[in-house]
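Quick mapping for you: the protein sequence lines, in order, are chains A and B. Sequence positions in the first sequence follow the numbering used here and run 30 to 417. Sequence positions in the second sequence follow the numbering used here and run 30 to 417.
Watch out, some of these pointers could steer you wrong.
Identical copies carry no separate label here, and so any pair may be met within one copy or between two of them.
[Stated by the list, open to error] Simulated crosslink set (DSSO-like; lysine-lysine; CA at most 30 Å straight-line):
#1 Lys86 / Lys362
#2 Lys45 / Lys216
#3 Lys215 / Lys405
#4 Lys405 / Lys96
#5 Lys96 / Lys74
#6 Lys201 / Lys36
#7 Lys362 / Lys329
#8 Lys40 / Lys53
#9 Lys40 / Lys413
#10 Lys201 / Lys40
#11 Lys189 / Lys353
#12 Lys259 / Lys108
#13 Lys45 / Lys402
#14 Lys380 / Lys256
#15 Lys353 / Lys256
#16 Lys108 / Lys53
#17 Lys189 / Lys108
#18 Lys413 / Lys350
#19 Lys362 / Lys216
#20 Lys53 / Lys159
#21 Lys56 / Lys40
#22 Lys350 / Lys115
#23 Lys401 / Lys45
#24 Lys375 / Lys256
None of these hints come from the bench; they were simulated from the model. Keep in mind that this is a model prediction, so the values were computed, not measured.
Protein chains: 2
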Amino acid sequence: MQNFVYKNPTKIIFGKDTIGEIGKEIKAKGIDKVLMIYGKGSILKNGVYDKVIASLKRNGILHVEVKGVKSNPILSKVKEAIEVGKREGVQGILAVGGGSVYDTSKITSIGHYYNGDVWDFYEGKAKPQKALPIFGVLTISATGSEMNSGAVITNEEDNKKWGYGSPLLFPKVSIIDPSIQSTLPKKQTANTAIDTMSHVFELYFDGTNDVDIMREYSEGIIRTAMKHVKVLLNNPNNYESRAQLAWGATLALNGSNGTGRTFGDWSSHNIEHSLSALYDISHGEGLAIVFPAWMRYVYKGDMNVFERFSEKIFNITEGSKEEKILKGIDSLKEFYKSINAPTSLKEIGIKEDELENIAENAAMLEPLGTFKKLYKDDILEILKMAYE
Amino acid sequence: MQNFVYKNPTKIIFGKDTIGEIGKEIKAKGIDKVLMIYGKGSILKNGVYDKVIASLKRNGILHVEVKGVKSNPILSKVKEAIEVGKREGVQGILAVGGGSVYDTSKITSIGHYYNGDVWDFYEGKAKPQKALPIFGVLTISATGSEMNSGAVITNEEDNKKWGYGSPLLFPKVSIIDPSIQSTLPKKQTANTAIDTMSHVFELYFDGTNDVDIMREYSEGIIRTAMKHVKVLLNNPNNYESRAQLAWGATLALNGSNGTGRTFGDWSSHNIEHSLSALYDISHGEGLAIVFPAWMRYVYKGDMNVFERFSEKIFNITEGSKEEKILKGIDSLKEFYKSINAPTSLKEIGIKEDELENIAENAAMLEPLGTFKKLYKDDILEILKMAYE
């Protein structure tokens, strides 16, 4: 078990009919005016917008809005939000949306106190000293951003979809009302599960020696996500399943799942980031395609953990160690197919001669990973394995 | 799944050779003088005392000491600590020890700003408004107090061993170096596992409808504790097992394991508190005796969860539902025997005609529990079942 420091100060308010609490929480921090950031407007249709605005009004909190954050959120939108926030003299940020809105809000919060280009933080050219407090109402569970200190932004000019983390980025308060996710398209519900599972995989397959306590924790989240996403694809209104999938998504990446391990492998995520930086696909779809290929490419580096994975997740107990592993990876692909996720690059319209370009993009951050260090040629091999 | 609010602000520094960090952490909060509270002096023998003092000195932090906290910590010691802290004008508390030292420190921290009798907090006659910041170096894992907001104190005059909780009681920083626990007597290592498992049981068997995500989380901690305590009883120096048992003990009761459930049942704990208020036995021993009896008394109230417990913890898959349940409870008792814990009241020298008195003590807080509400007659029945 690795030494670690763990601290997560985010307050979570979880459950049905909790959105109306947001104004009181903001008020409690002595804030009178917030910059409210949201996406393309689904909150206007599902009632979340009205609930948030009513709560702000009840508590006498003024707000200005920046809307139109898209999935795979982009740097130009962050810059727009920073400009509005500075001009309007806001004292806090209110994220109302999914991971993209949260991530946009997080970088806006540190950009508020920085005079240069916020991409400097990503490039390691500057370190933030201060942040506006971040409050949030989560509308799509997937990234865990509601309870962690990371933010992934796409620099669309340079085709860089990169992650950045700082303790300044923990939200003060996040409200998670799973019931509002019952109107999500099925594809997004499936993506919640894929994203959650993939976050766990990054930590589970990190090349650290066995740490039972965290392996158990991880396996519990994976089994829960797999079970309850199936329920939801048949019955989107099942609150119990919605709540368990939502809380699993948060627990997968709030830091506790990483304790005692390394910080995770993250090469599948980095490869996927190149996919969604270059193509208009969702992060969940990309992960469903990349992860099984990555597993197949690297499993020989630690057969024990892959064997355990096959046993604990898919109850595969027969055959040689390697047979069990390969059957486990196949089972994962089958599971993704069963929830209608794509499992090959070809399937989403990418051409074989484009793989080189994707590999080159991902290799900007080489070497990727901790389980096995990956260079451009490795990445290309994985993309080839993910092709069909 | 129940609605919940979750926030845990404690910073954990975990791992080998981390004790020397304590001075820096205290200094970082602008504190110059602390009240250091510890137990009967094992820290003088195992080197922890010297490491802590050296770290304080390096950081220019003055300290005064209150020592002699015993297990099942008592109110008079809390009052002594409060008096010293006030007289000396300390700005923070430094707990160096196990749960008893932490709990003493916590109540001292709120007593510092209260002019009445701190037992008022336990009786609900007063609410603390402010607390000294608490820092800690954990030397025995078991209670989870290092990362939660509760404190159990025995009012020795009234024979009341009661719990109290307030968000003010979260430690600011806790250092957990599992390697220093390798010199613990075997009995205390066994108690770590029993205490950890019992905390999980209280949350697992709380009468809430199935919440897979938390059941999985709980089962992972139970299996880990059971596996690694066995390793440690044979090889006390196995760092990996020591670390996993220690972190499991923290995770069992840092609040996250309770999310989405009720706040737990806690009747076995309350019954045990009466045992250790009246007799000089350890909390872990008392729990090993009480819990299986409680299970046998209440299991009909939710056969599904007890069946699941038998399956997931002891791999019992054959027989009728009730047979599986009873076999699971027997297996738990067998497990406790296998780690040399007592499993009957008789075994620890309690006489049958004393059960009435114990039941009466526990019934001060009646009705106990959420899974099944227990009154004095129920408690007496459970004690009878725990007798042989």
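Results of checking the hints against the structure:
In this homomeric assembly, Lys86 and Lys362 never come within 30 Å of each other (Cα to Cα): the closest approach is 48 Å inside a single copy and 58 Å across copies. When the C-alpha separation of Lys45 and Lys216 is checked against a cutoff of 30 Å, the pair qualifies only within one copy, where the shortest distance is 23 Å, while the shortest distance between copies is 45 Å. In this assembly of identical chains, Lys215 and Lys405 lie within 30 Å of each other by CA distance neither inside one copy nor across copies; the values are 35 Å within and 52 Å between. Within a single copy, Lys405 and Lys96 get their C-alpha atoms no closer than 37 Å, and across copies no closer than 60 Å, so neither meets the 30 Å cut-off.
In the homo-oligomer, the alpha carbons of Lys96 and Lys74 lie at most 30 Å apart inside one protomer (14 Å), although the nearest pairing across protomers, at 62 Å, exceeds that limit. Both within a single protomer and between protomers do Lys201 and Lys36 lie at most 30 Å apart by alpha-carbon distance, with minima of 13 Å and 10 Å respectively. Only within a single protomer do Lys362 and Lys329 lie at most 30 Å apart by alpha-carbon distance; the minimum there is 19 Å, versus 41 Å between protomers. Proximity of Lys40 to Lys53 under the C-alpha cut-off of 30 Å is found in both arrangements, the shortest distances being 13 Å within a copy and 26 Å between copies.
When the C-alpha separation of Lys40 and Lys413 is checked against a cutoff of 30 Å, the pair qualifies neither within a copy, at 43 Å, nor between copies, at 44 Å. Proximity of Lys201 and Lys40 under a CA criterion of 30 Å is satisfied in both settings, with 6 Å inside one chain copy and 16 Å between copies. Proximity of Lys189 and Lys353 under a CA criterion of 30 Å is satisfied in neither setting, with 37 Å inside one chain copy and 56 Å between copies. Within a single copy, Lys259 and Lys108 get their C-alpha atoms no closer than 39 Å, and across copies no closer than 56 Å, so neither meets the 30 Å cut-off.
Within a single copy, Lys45 and Lys402 get their C-alpha atoms only as close as 44 Å, which misses the 30 Å cut-off; across copies the closest is 27 Å, which meets it. Neither within a single protomer nor between protomers do Lys380 and Lys256 lie at most 30 Å apart by alpha-carbon distance, with minima of 34 Å and 50 Å respectively. For a Cα distance limit of 30 Å, the shortest separation of Lys353 from Lys256 qualifies both inside one copy, at 21 Å, and across copies, at 24 Å. Taking the shortest alpha-carbon separations for Lys108 and Lys53, only the intra-copy value of 28 Å comes in at or below 30 Å, while the best inter-copy value is 37 Å.
Taking CA atoms no more than 30 Å apart as the test, Lys189 paired with Lys108 passes inside one copy only; the shortest distance there is 16 Å, against 60 Å between copies. Only within a single protomer do Lys413 and Lys350 lie at most 30 Å apart by alpha-carbon distance; the minimum there is 25 Å, versus 50 Å between protomers. In this assembly of identical chains, Lys362 and Lys216 lie within 30 Å of each other by CA distance solely inside one copy; the values are 16 Å within and 48 Å between copies. Proximity of Lys53 and Lys159 under a CA criterion of 30 Å is satisfied in both settings, with 24 Å inside one chain copy and 22 Å between copies.
Taking the shortest Cα distances, Lys56 and Lys40 sit within 30 Å of each other both inside one copy (15 Å) and across copies (26 Å). Taking the closest pair of Cα atoms, Lys350 and Lys115 never come within 30 Å of each other, the shortest separation being 58 Å inside a single copy and 64 Å across copies. For a Cα distance limit of 30 Å, the shortest separation of Lys401 from Lys45 across copies, 26 Å, qualifies, whereas the shortest one inside one copy, 43 Å, does not. Within a single copy, Lys375 and Lys256 get their C-alpha atoms as close as 28 Å, which meets the 30 Å cut-off; across copies the closest is 46 Å, which misses it.
Hint check: violations occur at hints 1, 3, 4, 9, 11, 12, 14, 22; the rest are consistent with the structure.
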